[in-house]
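Numbered continuously in our numbering, the sequence shown closes out at residue 194.
Hint data in this document are derived by calculation from the structure and do not stem from the laboratory.
We put the beta carbon where it would ideally sit given N, CA and C, even for glycine.
Treat the hints with care, since some could be wrong.
To be verified - The calculated label-pair distances, taken between Cβ atoms and stated as ranges, are:
(1) Glu61 x Thr156: 41 to 51 Å
(2) Asp163 x Thr56: 33 to 43 Å
(3) Thr156 x Lys60: 24 to 34 Å
(4) Asn175 x Glu61: 15 to 25 Å
What the hints assert, rightly or not - Distance condition first, Cα-Cα at most 27 Å in a straight line; then the derived DSSO-like pairs of lysine-lysine:
(5) Lys139 x Lys80
(6) Lys155 x Lys117
(7) Lys120 x Lys173
(8) Lys80 x Lys159
(9) Lys65 x Lys155
(10) Lys159 x Lys64
(11) Lys112 x Lys177
(12) Lys64 x Lys117
(13) Lys72 x Lys131
(14) Lys159 x Lys120
(15) Lys139 x Lys117
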Amino acid sequence: MKLTNNLSSFLIFTGTIILFSFLTLTSCQNQSTEFEWTEKEKEIAKKEISNVAKMIIESAEKVDIQSAIEPYLNSSEFMVVNPDGSIDNYDNFKINGIKSFKQFTAYNQTTIKEEYRFLNKDLVLYTWIGKAEIILKTGEKMNFDSYVGTMLFNKLNNKWRITYAHETASPPVIEE
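Start from the sequences, fold in the hints, and give me the full structure.
Here it is in structure tokens:
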């Protein structure tokens, strides 16, 4: 009798594990196809996100901080990792951006490459690879031979907004 109860318990346990594994497997398969992008959707998103990045660059080149930060989500959820390793929320990002823009007279970025990772229908990881040149009000010129920005774009209210960013750069070469 004891052996039969143990065998029954074992069979029930094994059956539960198999059923759970099957449900997990089919659930994962359904999730991956639910967020699959078509090539046309990818091309549209690439164009829209690339245009946002171009607008940020053009605004920075005009030394227009308000327009440059417009695509960044003004939310407590926003976070940026700066090239120096510091981390800012939206408010500090804006304050530091204003301070930075007051220090230079010209800014130029050159796009070398853009990369996209499509995470789900409303979430795209975008990486901008390029270089930057800044002319400070002191007359010094700073060249960044390598500058990379990775941004998490989230489509909210039919607009691509940056909810997370991580920037890194090579040490600047300073010319006087």
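Earlier hints that do not hold, by number:
3, 5, 7, 9, 10, 12, 15
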